[in-house]
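Novice: Sequence:
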Amino acid sequence: MPRYFGYVESKDSKVPRTTRYNENNNHIQRNEMMNIHENSTDDTDVEMQNESSMHQSANISSEVSIGSSYLFCSRDDNEVHNSNDTQNTYPLFNTELRSVYAEEKIDFSSLNSTHFYGLEEFGDDNFQDKWMQDICHEFYSDGESDSEEEDSFFDCSSVFDRPASEDDSISHLEKLLKNDDMDDTIKADVVVSKSEILAAVLQYSLTYNLAQSAIADLLKMLNCFLGNISLPDTRYLINKLFNDTSIMNYHGVCPTCEKYLGLFQWSDKFIYCDTCEVKINFKESTYNSYFVILNVDKEIVNLIQENKNYYLNIVKLRQEKQLGVNEISDFYDGVMYEKLTETLSSQDEEFSNFDYVTTVMNSDGSPIFESSNYSIWPIQFIINELPYDVRTAHPIVCGLWFGKGKPNMNIFLKPFVDYMNRLANDGVSCIIDNVERQIKIYTQCCCVDSAARPQMQGFIQYNGYFGCGWCLHPGVYVASKKKGCVKYPWLEEEIPERNMLQTVDWMEQSLYSKKPIFGVKRPSCLINMKHLDIINGFVPDSMHCLNLGIAAQFFNYWFKEKNKPYSLTHEEIEKIDEVLIKIKVPNQICRLARSINDLTNWKSREWENWLLYYSLPILLMFPRLREYAQHWMLLVHASYLLLQKNITHSEIETAENLLIDFVQNIENIYPKAAMTYNVHQLLHLVSSVANWGPLWAHSGYTFENGNGQLVKKIQAAKGVIPQICRALSMAQSNLVLKKHIFSKPYSGVSDYITYLQKKTSKLTYKFLNARYFGRNYKVATKWIQELNISNESRIYRKMVKDRCLFNSSKTNRQRSDNSYAITHDGTFIQMLDFIVDPINRLEFTLVRMINIENIYPNREASIKKITEISENIFAIKTADIAKVCVFISIDKNISYVGPVPNLYYY
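Quick note: the sequence shown uses the numbering used here, first residue 138, plus one each step.
Calculated directly from the structure, the hints in this document are not laboratory data.
As the structure is a prediction and not an experimental result, all values here were calculated from the model.
Beta carbons are placed, not taken as given, at the ideal position from N, Cα and C, and that holds for glycine.
Mixed in with the good hints there might be a few duds.
Beta-carbon label-pair distances, calculated as ranges [claimed, not checked]: (1) 1009 / 708: 33 to 43 Å; (2) 330 / 354: 15 to 25 Å; (3) 1004 / 438: 55 to 65 Å; (4) 710 / 1004: 45 to 55 Å; (5) 313 / 877: 34 to 44 Å; (6) 809 / 667: 25 to 35 Å; (7) 484 / 447: 22 to 32 Å.
Build the full structure now, drawing on both the sequences and the hints.
Specialist: And the structure:
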C-alpha cells in the first residue's frame, strides 16, 4: 500500500514538495500510523516527544503585568532544551517499520492523535496559499536533508553497505542491478480499474503539462506493463476521449476586411465572406482570424458545489442584509453589489431565494513567441461568492483569441455577452444539500489595464482629450523635450462624473460623428451585458495603476533623472542598493528584495513591496529628500488602507483625503509632466473600493497568472488555439473522472490524485489557533511555573496562523525573516518561541516588545520608526498575534517596521 508524506496543501500554492510519493512495502498506510485521516510523518524531520523529566531552570523571574495580553516578563533568555536529549521508545505499529525508522524514534503517547492531521482537512484554512519560488525553499527546512528518506526507497543495504576498500567507482545503479531479484518477473494482481488508471494518468498529464503525444506514450508504457489491459494509447483515441469539442464554439473573422463571419464547425473546411466575396480555407496554417467561446457551465457548477457552505453563507448574509454594514471586507460588501440585490428584489417580488453569483471579468493580451508579435487574448472571469483562495486559483477561461496585434473588441466580446446573458437569464443547475437550485450568473465588474479598457468601453485612448473612462477631465497637452502628450493636471473646479445613460446617448451620436464625443468613439457591445454598468463596472487595476504605474514612475524620477532637486547621485544609489539586498522579508510578501541592477526584471509584486515597505525608509536616508518623503508617505499610507482585509468607512474617507493631497501637491514639487493618467486614476481609486471592495478583490494579479498558465499549455507554434482548448477540455474531463473515482470506495488511486493536485510537506502539529512545524523543545521550568502550564508543554520555532508563517527570531535565515509581528491591539513584537500546552490546551508566544514612533509627528503611516527593542521577554497569548511585519534596517541605529495590509496571496 502506498504511503504519502505529510499534510497536503492546495496545488495552487507555491510551497515546494519537500518529500516524495513512494511505493514500497516498508512504508505504511497513513491510517495505521496514527489512526487519523490524511496524515503521515517523516521521522527525520519532526519529533513530537514526551519527556518524563525536565531540566530545572534557575533565576525564575517575577510575574509582571503588562495589560491583559502580555502575561509574564523575564530579562533572562528562556531556557530551551532540545527534546533529543532523552531516549524514547519506538511505537510498535508494525514490525516492518523498524528498519525504516531506525534512526529516529518517536513516542506519541503524550499527545492525543487527533492533534495531528493534514492541512487539506475540511474547514481548515490555515495553510500557505501562494508562496513564490524564490523564498519558499526556506519554509520548512530545518537544515536537514531529505536524502535519508529517498535512500530508503529501495531496501538495498546488502548492496550498498560494503567495506570502504571495494571499488567506489561503481554507480549506485550498477550496484543495484547486481541484486539477484532485480531481474525477477514481478507477478502481482492489478488492484485498480481502468477508470482509475485513466484518472491518474490524466491528472499526472495536467500536473506536468504533458503534450498529447507524451500522454499516448505513457499509456503505451502502461499497456506494455499490464499486458492484458487495453488502454487508449493513440493520439486519436485520447483526443476522442478527453477533448470534448461540444463545449467549443468557433467564430470566424475575415482576415481582409475583419468582418465577423459567424459560427463554424471544426469539421468544416471553408467559410465565405460576403463583403470580400472570397471563400476562406480556415484549415490553412496561415489562417488565424478566428476565436473560440467555451461553454463553462460544468466548471461553474463544480466550483459552486464544492464550496457550497461558503456560497450558502453569502446567500444568508444577503437575505439578512448584513453585507458591508460596518466595514468592507470583500467584493460583496460594495455599494454596487448592494444595488444589484435591491434591483433583483424589486424586479421580482418572489425573488426570495437570492440564488445568484457575480463575476469579475478580464481580457488582456499575453505574447507567446519572442520572435513575433503574436499573442493570445483570453476572456477570463472569477466568481466572487467563492473563498478568495478558490476564486483566485480557478479563473474560468470562457473565450480565446489568437493572432497579431489586438482583437476587435466588439467582435470578440459580442458572443461572450450573449453567452453570459444566457447564464444571467437561465442560470446553471446546482445540487446543494440534495436540493436542485437554479443559480444565475451576473457579470458586474471588469478589471483590465488602461490600454484594454477604452477598447472595451468604446472610448478614446487615455492619451487623448477626455480620455478618462470615469470622469470628464478634458486633459491638457503638456510639451516636453522629446514630445508632448495629454496630461491630467489638478483642476480646482469640480469635474463631472460620467454615467451610463449619458454615455449610451453619446455612443448613439458617435455613429453620425467623425470625431469622438467627450471621448466616446463608438458603441460598445458591453452595454448589452445584463447588470454591467459601462462606467462604474470598470475599475482601476491596482496592479497596473499603482505598482507598475505610479511606483515605477516616481522611482524613475528619483533614480534616473539628473540634476533635479529629487535626483539621487550615483553614490546614494549604491548605498540604497546595499540596503535593499540586505532586507530580510517575510514569506507573506512573496518576493525577495532585489538589487536595482535587476530593475528591468522586477515584477508587479516587487513594485508593490517597494511602494508599501521599502521606498519611504529609503527616501528618509537622505535629509534633503524629506519633503519628497513626506509627500510620498501620503500614497504609501492610502495604498495600505485600501489593501487591508477589512476597511472601515472612516478609513475609506481617510484614504480619499490622502490621495487628494498627494495628487494636488505633485505639481508643487515635480514637473507638470508628472500628472499622468495613472496619477489621475488615484482620484477614482477610493470610489472603486467603495463600490467593489478592497483593491485585492478586483485586481489583475489573478488574470495575469491565468494568462501565464495558458501560455504554458502551448507546445508548438502551429494550432495555438486548438492546443489551449484541448488542455481546457482535458481539465473538464478530469473533473468528470475525479467525480467518478471519488464516489467509489477508498482506493490508493484517489490518494495519488490528491497528492498530484496538492503539495506535500512534513508533519505538522495543529493545535487551537495555529499549526506548528519542525522540531520541538522542552520549555524552561521558569516559564512552566510562571505560565502555570504542564510539564508536557513544548516549544516550537515555526508556526502558521491565519495563512501566515511566523518564525522565531532564533532561526537564522539568509534572506527571509518572519519573526516580527503586530498584535490585534496594535503592539509591535519580535517573536522568540511558541509554547504549546496540549494538556491544558494553551498557546503562548515569548516576545520582545518593540517601541515605535511616527515618522512625522501627528501624521499616521503604516511604516513606523523603531526607537527600541526591549531586552525583556514577555509571554503573550498566541491568539493575540494579528499579522506579520516587514523589518527594514537602514543601519545599526535606524530601523523601521510595518505590517502587511492583509494575509492574502495574489
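Novice: Given a hint of 15 to 25 Å, does the C-beta separation of residue 330 and residue 354 actually sit inside it?
Specialist: 22 Å, holds
Novice: Just to be sure I understand the hint, the distance between the Cβ atoms of residue 710 and residue 1004 should be within 45 to 55 Å; is that true here?
Specialist: 28 Å, violated
Novice: In this structure, is the beta-carbon distance linking residue 809 and residue 667 contained in 25 to 35 Å?
Specialist: Since residue 809 and residue 667 have Cβ atoms about 43 Å apart, the given range 25 to 35 Å is violated.
Novice: Would you say the C-beta atoms of residue 313 and residue 877 sit inside 34 to 44 Å of each other?
Specialist: Given about 38 Å between the Cβ atoms, the range holds.
Novice: Given the hint of 55 to 65 Å, check if residue 1004 and residue 438 actually sit that far apart at their C-beta atoms.
Specialist: 56 Å, holds
Novice: Looking only at beta-carbon atoms, does the pair residue 1009, residue 708 fall within the given range of 33 to 43 Å?
Specialist: 40 Å, holds
Novice: Does the Cβ distance between residue 484 and residue 447 fall inside 22 to 32 Å?
Specialist: 26 Å, holds
Checked against the numbered hints above, the structure breaks hints 4 and 6 and satisfies the rest.
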